[in-house]
Amino acid sequence: TPTPTPMTAATPPPTPATANVTLPVAEQAGHEVFDVALVSAAAPPVNTLPVTTPQNLQTATYGSTLSGDNHSRLIAGYGSNETAGNHSDLIAGYGSTGTAGSDSSLVAGYGSTQTAGGDSALT
1 TPTPTPMTAA TPPPTPATAN VTLPVAEQAG HEVFDVALVS AAAPPVNTLP
51 VTTPQNLQTA TYGSTLSGDN HSRLIAGYGS NETAGNHSDL IAGYGSTGTA
101 GSDSSLVAGY GSTQTAGGDS ALT
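Everything in the sequence shown is counted per the UniProt record's numbering, starting at 1 for the first residue and increasing by one.
No lab work stands behind these hints: they were computed from the structure. Computed from a predicted structure; not experimentally measured. Glycine included, each C-beta is placed from N, C-alpha and C at the ideal position.
DEER-style ranges, computed between Cβ atoms:
#1 Asp-69 x Asp-119: 14 to 22 Å
#2 Tyr-62 x Gly-118: 28 to 36 Å
#3 Ser-102 x Pro-54: 17 to 25 Å
#4 Asp-119 x Tyr-62: 26 to 34 Å
#5 Tyr-110 x Pro-54: 27 to 35 Å
#6 Ser-102 x Leu-57: 14 to 22 Å
#7 Pro-54 x Gly-111: 28 to 36 Å
#8 Asp-119 x Gly-63: 27 to 35 Å
Go ahead and model the full structure; you've got the sequences and the hints to work with.
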């Protein structure tokens, strides 16, 4: 006769640890301005990257508004507005609006509106 095999009790899965985290709430919307020093030099005419002009970088938090001149780089958070001149790069968050001049690059999030001049790239 076969010998009975002992049955072992199933081990219960481990209980995940809980953590209590308190994050600060932003009382006021704001933005920061950075000077971005990019390469600015005469480029040889063949097989090179284009010459880059220094850009002014601005980032915004929820509900902020950003405005920049030509050659600006603006990154806006939720509900923000962006306006910049020619040769600018704009990244808009949810519900944002981006407006830029010619030869600019705009990337928009959900619900955003983009307007730009000639030779611009909108995504």
